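> Quick note, the sequences are listed as chains A and B, same order. Start counting the first sequence at 1; every next residue gets the next number (the working numbering). Start counting the second sequence at 1; every next residue gets the next number (the working numbering).
Read the hints as simulated data drawn from the structure, not as lab findings. Just so we're clear, the structure is a prediction, and the values are computed from it rather than from any experiment. Backbone N, C-alpha and C define an ideal beta-carbon position, used for all residues, glycine too.
Just some of the chain A residues that point at chain B, by a computed CB distance under 10 Å:
no.	residue
1	Asp27
2	Leu30
3	Val89
4	Arg157
5	Gly180
6	Gly278
Simulated restraints on C-beta separations:
no.	chain 1	residue 1	chain 2	residue 2	range
7	B	Asp65	A	Arg2	53 to 59 Å
8	A	Ala113	B	Glu290	28 to 34 Å
9	B	Ala303	A	Pro28	28 to 34 Å
10	A	Asp237	B	Leu272	53 to 59 Å
11	A	Ala113	B	Glu263	19 to 25 Å
12	B	Gln179	A	Glu118	23 to 29 Å
13	A	Leu42	B	Asp299	49 to 55 Å
14	B	Arg240	A	Ala39	42 to 48 Å
15	A	Gly242	B	Arg2	51 to 57 Å
16	B	Ala99	A	Glu279	30 to 36 Å
17	A	Ala323	B	Ala112	56 to 62 Å
18	B	Asp299	A	Ala10	50 to 56 Å
19	B	Glu290	A	Pro143	56 to 62 Å
20	B	Gly286	A	Ala271	53 to 59 Å
Quick look at which bits of chain B chain A covers, simulated, 3 or more residues with Cβ under 8 Å:
no.	region
21	84-98
22	112-126
23	133-141
24	153-165
25	168-180
There are 2 protein chains.
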Amino acid sequence: MRTVASRVEARVLALLDAETERWGRLDPSLVEPLDAVRALVLAGGKRLRPVFCHWGFVAGGGDVDDVRWVDAGAAFEMLQAFALIHDDVMDGSATRRGAPAVHRRFDRRHHAAGWSGESRRFGEGVAILAGDLALVYSDLLLPGAPPELWTLWHELRIELNIGQYLDLAGTATGGIGRQGARRIARMKSGRYTIERPLQVGALLAGAATLADRLGAYGDPLGEAFQLRDDVLGVYGDAERTGKPVGDDLREGKPTLLLAVAAERADAEGRALLARVGGELDDALVGELQELLRTTGALDEVEAEITALHARAVGALDQLDLTAEATAALRELADFVVARDA
Amino acid sequence: MRTVASRVEARVLALLDAETERWGRLDPSLVEPLDAVRALVLAGGKRLRPVFCHWGFVAGGGDVDDVRWVDAGAAFEMLQAFALIHDDVMDGSATRRGAPAVHRRFDRRHHAAGWSGESRRFGEGVAILAGDLALVYSDLLLPGAPPELWTLWHELRIELNIGQYLDLAGTATGGIGRQGARRIARMKSGRYTIERPLQVGALLAGAATLADRLGAYGDPLGEAFQLRDDVLGVYGDAERTGKPVGDDLREGKPTLLLAVAAERADAEGRALLARVGGELDDALVGELQELLRTTGALDEVEAEITALHARAVGALDQLDLTAEATAALRELADFVVARDA
Chain A
1 MRTVASRVEA
11 RVLALLDAET
21 ERWGRLDPSL
31 VEPLDAVRAL
41 VLAGGKRLRP
51 VFCHWGFVAG
61 GGDVDDVRWV
71 DAGAAFEMLQ
81 AFALIHDDVM
91 DGSATRRGAP
101 AVHRRFDRRH
111 HAAGWSGESR
121 RFGEGVAILA
131 GDLALVYSDL
141 LLPGAPPELW
151 TLWHELRIEL
161 NIGQYLDLAG
171 TATGGIGRQG
181 ARRIARMKSG
191 RYTIERPLQV
201 GALLAGAATL
211 ADRLGAYGDP
221 LGEAFQLRDD
231 VLGVYGDAER
241 TGKPVGDDLR
251 EGKPTLLLAV
261 AAERADAEGR
271 ALLARVGGEL
281 DDALVGELQE
291 LLRTTGALDE
301 VEAEITALHA
311 RAVGALDQLD
321 LTAEATAALR
331 ELADFVVARD
341 A
Chain B
1 MRTVASRVEA
11 RVLALLDAET
21 ERWGRLDPSL
31 VEPLDAVRAL
41 VLAGGKRLRP
51 VFCHWGFVAG
61 GGDVDDVRWV
71 DAGAAFEMLQ
81 AFALIHDDVM
91 DGSATRRGAP
101 AVHRRFDRRH
111 HAAGWSGESR
121 RFGEGVAILA
131 GDLALVYSDL
141 LLPGAPPELW
151 TLWHELRIEL
161 NIGQYLDLAG
171 TATGGIGRQG
181 ARRIARMKSG
191 RYTIERPLQV
201 GALLAGAATL
211 ADRLGAYGDP
221 LGEAFQLRDD
231 VLGVYGDAER
241 TGKPVGDDLR
251 EGKPTLLLAV
261 AAERADAEGR
271 ALLARVGGEL
281 DDALVGELQE
291 LLRTTGALDE
301 VEAEITALHA
311 RAVGALDQLD
321 LTAEATAALR
331 ELADFVVARD
341 A
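I would like the entire structure built from these sequences, with the hints used as guidance.
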């Protein structure tokens, strides 16, 4: 997993270095947005999408020395940079990977320099552009690809944006229920984190049938990934997640955890849940954490994660992969549900 | 020009209709952002990029009945929708093509429905996503393309974003001078409106050498296009441009017009120019319009447009195209500099 990550990082950085060099020569101010993308990529992340892409490729019979999986992994990492930069604007998040979000960084830059116009608009404008650039770079990194790979690539990017819209609209309207919350979990990140990277890897290796069949493992595990993310968004250690504790509660994210709690809470609990999405001090975050425990919502979501994990691992046995690929995907399934960041 | 436009519009709408249908079935709320993209495309626009793409294709020997130029033209029109939606957020523009900008439309929707969170953030979030979707759809429309076409496509999208960043940074810092203003004009819209669409058309027709040579016509005409846009941004009729009179002055756009005026103005004029980018009532807009005239800045920019137009038309004679293509590109050059919208 570490080798995959370092090869993909090197590919992303080689592109960003070359771009920073050529545009910086045109105008030195262009270094700043490219540096912001670079800093975000370097600040970490689990490189899960490249890792799944790698194993889809290897499972499909691809040669591990072939650089195409590295390029495709780098394309996923750049796509993730795009998604995070834009998401943080949409959610008004101040922090990402333990550092100020891109829009905040340029908001401060504008304010400190005393430039004209509104600092917030400038910061968000630069973040929109930095994200747009990352989206174009992700396309550019995708290796010369057969038509069915492009079709899948377009589809996964449409799904990602559609999922984000459902998340945004669900945050605004509230009350989307269990089914709505689960749909968002699958659409906004589940598919795009696990199933789609696996399939991109398999298609690159020319294994179209396997690509289809990998859904039986990737689809449930993708949902488990997002449900774990939702739990970490409420209970996660800020040092490990790079986001303040309870950020999802402040932002009012429409998660399964909250949907279940809303069903199970009494009148007092529902009054507390109505505070979600507003200003929350640490004491209120603590009360909400407690409510999600006492209503049994946390246990129910944990049980769901366990069930989804079991379904994914069970599907592995039907896939008839090499012992090495099966072992790697089983280990990844364990990591995805047990992670603390 | 009208046939090109209507064929390209039909292609764009066929895609958006199909997407609205399939996502609306998943969740009715998904119809709204797709409708917003559709409304923006239908609200007009000159379809200049598809027209230049068409003539690049025909000049390169492509068959006019080949649908690939229609697909590529539709890709450009969708890319333009992406650029306009994101630009309006970055510039804080309220109006586009005579209707509320996408971010304003969803800001109002949020406010009227009394949803939770901040209406501005919701409106801008939806606009970011609608633009992101339009960017992905533009890729999807680009026909199965040779590698050199993808390379050009990536490059033109990078240029567009780089140009926008220079525009945003120049608006914030001010004082970028003539050279900076001209660079922005070329990068943010000149190339992407004329030279690049011509070249995409020529490459689609397999005419790589012609694609290179078309720059001699497209590059100066592209800059003339943006300089005309800058003049319309100050003096244009709101009914025709779909933007309020003087919008560029309120937004503090770093144009050649303002750079020249800043050089030529006396102390009183410079004091007036310092108001650009702030709150401006109609009287102040009128004074600024007058100042740009009396300093000779308007005349100088008009002379520059005439010179760029002459350079473009002169280059046409060296290109050795068919009489039909030469006549069409000459007519387009006239239109680009003489237009009032």
